[in-house]
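Colleague: Quick one: dock chain against chain with the hints and give me the complex.
Now for the letters of each chain:
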Amino acid sequence: MTSLNGAGQIALEVNNLQVTYYTDSGRVKAVDGVDLTLKAGERLGLVGESGCGKSTLALALMRMIKPPGRIEAGSAIIHTDMGSIDLLKLNEEEIRQARLSKISYIPQGAMNSLNPVMRVGKQMIDAMRSHIPRASERELTERAEQALESVELKRSVFRMYPHELSGGMKQRVCIAIGILLSPKVIIADEPTSALDVVVQRQVMETICRVQEKIHAAVILIGHDMGLMAQITNRVAVMYAGKLVEVSTVREMFTDPLHPYAQALIRSLPNLDNKGIFQGIPGLAPSLLRLPSGCVFHPRCEHAMEICKSAPPPKSVTPAGRFVSCHLYDEQGNRAHVTGHKQKPVASP
Amino acid sequence: MASLLELRNVSKIYSQGLLSREQTIALDNMSLVIDDTTPSIIAVAGESGSGKTTMSMLALGFIEPSRGEVLYKGRNIAKLGREEHLQFRREVQAVFQDPFAVFNPFYTIDHLLTVPIDKFKLARSKREARQMMEESLSAVGLRPEEILGRFPHQLSGGQRQRISVARALLLKPKLLVADEPVSMVDASLRATILESLQKLKKDYGISILYITHDLTTAYHISDQIVVLYRGAVMEAGDVETVIKTPKHPYTRLLIDSIPWPDINLRWGSSDIQAKEGDFGSTKGCRFAARCPFVMERCRESQPPLFKLEPTRAASCFLYEESPRLENEDLSSLFVYR
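Going down the list, the sequences are from chains L and B.
For the first sequence, my numbering begins at 1 and goes up steadily by one.
For the second sequence, my numbering begins at 1 and goes up steadily by one.
The shape of chain B in the complex, shown without the other chains (with noise of 0.2 Å):
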């Protein structure tokens, strides 16, 4: 199994002030394989202050990572030559989450997709770029005569958003990044993004890393899910085992805390309650000071990934019976399919 992007071990850690000595752990020793031969969608959800957003900027090359490497196919990506970073930046793409903020009023739509074409060279004349913009645009739903030639506040946020995303396809991207790519879009308009997220993954073979703190979308639209919490991963596997049967604590708090649209299924109907709690040491357990579970020994040292099946694993002391997975193997739990 090759591997297109890995996280090795990747650790960031951001420190407060000149002089103080506070730091604040963003994410801890993390491992993260995206497999280059299948493409697949995988989901990383947390809560805000989770990490979940240092590692998509960590995936981008945006920030260095405090300690271990990312690597894009085997080399690392803070120490590309010239022409790999550039081959770097074109084949690894980001959608963000706002799509307000992302486009510059003063330009057309035209003028956004441009950029990217004379950028990389992808086009040799005027004719086949515009060729290339129309096809992309179509590509994700949209209709470019309705789209071409008008400026961003013209549109409305789902189509922008999409555009983020008819954007990136235009490089013919090798991974996407989508950071929180529908949290500030209506509700109805979603479903048409998450279409063309998957549409990408399944129609050009486009891996995507998708960032979010919304289990429901993650659920629907990923093969598998990695749960973060004050930067460690607490439960990862097959997005099917782990959301329809969570076993961490954490992950049972957060399913049962959605609010399903479905009358039947009430809020709280597990048992699980958490309760209200600062974000206490980093020694031990991160979750201990929440979690209805709580031993003595979670206070003292931190849980390491134990392996419940073959395709999940979580960190936590309840399930210490299973056999111990290193933090380097976490990608071994997911199925490609």
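So here's chain L without its partners, still in its complex pose (with noise of 0.2 Å):
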């Protein structure tokens, strides 16, 4: 399911974008600083450790941060045959319209998501009522029942209350909903979490079915690997509000850059390793307190004296890899620092 059919089209790029929390104890940089580029029918995999960021990445996209959030710098600029906006410049009025007609958004855990005393289709007409105000009820119920046909559902599920569906049914309705306007980009935000293996399966071919029917893009959150090797065509992995690595699943997986990306991969399960297991040492850090220099320098095999005090420079890498490293030059070269196989400076 890798194949890129049609893509080249820049569909969403964001810029430098931050979010902080203005909490009791502290600014928290939920995201510092992250940029990232889209394309349409592209499937792009945001993985990292619970309190990493990435919702906020995705809720700051959607404009939903809530105080004490706040988006502080950045752009996020969705192309579309009609031109360009900035989603973080638009007015209330204007990211209303644009939320599910340039981006929607399929949240995590849809038993909650639905409103349990409304039928799914009154949900999914009034979602459209709002952006196509003059259109006839008959239309909007034929186009919401094609919605739940492209999902597979019955076009019974129209007249139905969420409690009469299975899980994976109801998680086949917000993503129906999600794809009603055919949106640029679709944020899943794990989707299948609360799903059993086999559903988990039938919803995310699902979600690539139609997205690939309506060549949006699709931003898939989440902390499974297997998942993101399975689905998607690159992989960001994102620590501490930054983003580390973003590689082709192809590379992620067989070579990952960032030492961070490399112990993420290495311990992962397979058939071949039973009983090996191998751990991050060390935890994640409180966004409260970051390490200086390099946020992953305590948990990191490689870690050198620049690391403690130094940033990372953000490195694209001439096969189109970011990484952000000291062991890597501007360039994504290895670079030559004495000393780099240093021993680690938190033991595990």
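Rather than coming from a laboratory, the hints here were simulated on the basis of the structure.
The structure presented is a predicted model; accordingly, all values stated were derived computationally and were not measured.
Backbone N, C-alpha and C fix where the C-beta goes; we use that ideal spot for every residue, glycine too.
Mixed in with the good hints there might be a few duds.
[Claimed, not checked] For lysine-lysine, the following DSS-like pairs were computed, each having C-alpha atoms within a straight-line distance of at most 30 Å:
1. B:Lys201 x L:Lys274
2. L:Lys274 x B:Lys283
3. B:Lys172 x L:Lys274
4. B:Lys202 x L:Lys274
5. B:Lys244 x B:Lys199
6. B:Lys307 x B:Lys73
7. B:Lys73 x L:Lys154
8. B:Lys199 x L:Lys274
9. B:Lys172 x L:Lys154
[To be verified] Reference excerpt, derived from the structure (chain B facing chain L, CB under 10 Å, subset only):
10. Tyr107
11. Gly158
12. Ile193
13. Gln198
14. His213
15. Asp214
16. Thr216
17. His220
18. Leu254
19. Pro259
20. Pro261
[As the list claims (entries may be wrong)] Quick list of the computed label-pair ranges, beta carbon to beta carbon:
21. L:Tyr22 x B:Gly81: 57 to 67 Å
22. L:Gln146 x B:Ser48: 26 to 36 Å
23. B:His153 x L:Thr80: 37 to 47 Å
24. B:Leu265 x L:Met160: 35 to 45 Å
25. B:Glu328 x L:Leu288: 26 to 36 Å
Modeller: Right under this line is the structure:
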């Protein structure tokens, strides 16, 4: 499923996105200078430990960050045939229009995101009504039923209440709502974390199929690397609010560049390494008290002196891979820094 | 082979309402023996609604079976005397799914670990108690000085889950019932928790009943596996055999649906396809509604277990040429290494 049919056109461009939460205990930079480019038809996986800021990044793109959180800087430009818009510069009314028609969000835990006292169809029509106010009831009904069919649900689901549906079916309804207006970008935040493996596979295949049909870009958020390997074209690894590596899925799984990505890949169970457990030593840092220099250095097995003081450069390799680590120079070549095989700073 | 914990023809039936006769069979005529002499890790795998949590509750004595008995060292746990019951409580410990819900947020970790020590009078002095806490924390790979004196909210999910394991370890149990211990923990921390569970078996000789929906971790940690679907055993046996060459259509479907973190192992590379199926009647094979190989007779009678190999049995008419295996003899498939 890695084929990128007809991709090339850039759908979303995120530059230097910064989101801060102003909490009682201090300022927390949940997303710190994230740059990301997505092409139409592409599926990007966004992985990281809980609390690394991946959901905040998604919410920021949807402009759904609530106080005490604030988007501090950056831009998120969606390119359409009708021109480009910066999601972060839109006013309230404009962003309301952009949600669902330009960018849509499939939340985690579908069970909780549908209104339990409203029929599925009514919720779908409500969603469309505010975007296409002049459409007739019949037109919208037809459109909703088509959307349900495209996620392999029966048309009769239109008249059902959420409690009459199984978890997998509810998640599909959410996908159907997400694609109602053929958005350019779909963000799926752990769309299958509450589902069993068999249903998970069916739901993921549904997402891929409809995404290919409407030629949208997908950001798949999660920490299940297995899912990423099966579904995505590219994988972005996030750590403590920053992107540390963005590579194609094949490169990520066969030759990860960043030490954190390497440890992540090594820790994965597969059929050949039974009984060998390689966790990542140490703990994810609290965003309130980030380590100096490179935020990963206390857990990094390649940590050098410079890592403790200076934040790593953002490098792009000739092959177009992004990595942010002192082991690599600006061009993404392995830098020849003396003593790079130094002992880890923190013992495991 | 002496049994440590034994489920003997256990069924658990939940009835809805006072007057309605609608019944849900959560677990149907299940037998399982956990051996006393050789510690092993037995995985019980299945999706939601398979009865796996019901089974862990029965094994812990939290609920009573509707039919059959749960025996601890040969004695029905519902009929244990006060002393024996206390011993059972001490020797059979649990680790639960949610590391955020099991701790009282008002108490420090010290308190949490002192309660079982006091309750079971494990230590004679405060110093001894402290030493015990430090030992068990170290055994699960935590640094006591980083943990003791802290409150639960100051610790990560992975740390808390390991504290649960350490708390169980304090009591020197014989059996640990671990109900989805890693499902709510970040993937990067799963390895460390699984590692500490495996250490319990190797270093302390503790058997583990590992309840999970995740066949990947089940494969990695366990010696035997029992695959449940809607209260009945679909396939059981040696974990290597079952996971590497699954035979029952349900197990095959499950294993084929695992997203392996390996880009050369594509999803759905096998031909088996799940059908959308409702939970049809309880007559016949429970998987019949979703099974791609369903035959007429599958809808009429429930297939018994067939012993395909010395270390594996499957409950499916596709294998009826193989000799039958009575439910009670399920544990005879298990090899202890």
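Colleague: Against this structure, judge whether each hint is valid.
Modeller: Structure-based check of each hint:
{"no.": "1", "hint": "B:Lys201 x L:Lys274", "in the structure": "16 Å, holds"}
{"no.": "2", "hint": "L:Lys274 x B:Lys283", "in the structure": "38 Å, violated"}
{"no.": "3", "hint": "B:Lys172 x L:Lys274", "in the structure": "27 Å, holds"}
{"no.": "4", "hint": "B:Lys202 x L:Lys274", "in the structure": "15 Å, holds"}
{"no.": "5", "hint": "B:Lys244 x B:Lys199", "in the structure": "24 Å, holds"}
{"no.": "6", "hint": "B:Lys307 x B:Lys73", "in the structure": "27 Å, holds"}
{"no.": "7", "hint": "B:Lys73 x L:Lys154", "in the structure": "53 Å, violated"}
{"no.": "8", "hint": "B:Lys199 x L:Lys274", "in the structure": "15 Å, holds"}
{"no.": "9", "hint": "B:Lys172 x L:Lys154", "in the structure": "55 Å, violated"}
{"no.": "10", "hint": "Tyr107", "in the structure": "22 Å, violated"}
{"no.": "11", "hint": "Gly158", "in the structure": "8 Å, holds"}
{"no.": "12", "hint": "Ile193", "in the structure": "8 Å, holds"}
{"no.": "13", "hint": "Gln198", "in the structure": "7 Å, holds"}
{"no.": "14", "hint": "His213", "in the structure": "6 Å, holds"}
{"no.": "15", "hint": "Asp214", "in the structure": "8 Å, holds"}
{"no.": "16", "hint": "Thr216", "in the structure": "5 Å, holds"}
{"no.": "17", "hint": "His220", "in the structure": "5 Å, holds"}
{"no.": "18", "hint": "Leu254", "in the structure": "6 Å, holds"}
{"no.": "19", "hint": "Pro259", "in the structure": "4 Å, holds"}
{"no.": "20", "hint": "Pro261", "in the structure": "4 Å, holds"}
{"no.": "21", "hint": "L:Tyr22 x B:Gly81: 57 to 67 Å", "in the structure": "60 Å, holds"}
{"no.": "22", "hint": "L:Gln146 x B:Ser48: 26 to 36 Å", "in the structure": "31 Å, holds"}
{"no.": "23", "hint": "B:His153 x L:Thr80: 37 to 47 Å", "in the structure": "45 Å, holds"}
{"no.": "24", "hint": "B:Leu265 x L:Met160: 35 to 45 Å", "in the structure": "37 Å, holds"}
{"no.": "25", "hint": "B:Glu328 x L:Leu288: 26 to 36 Å", "in the structure": "57 Å, violated"}
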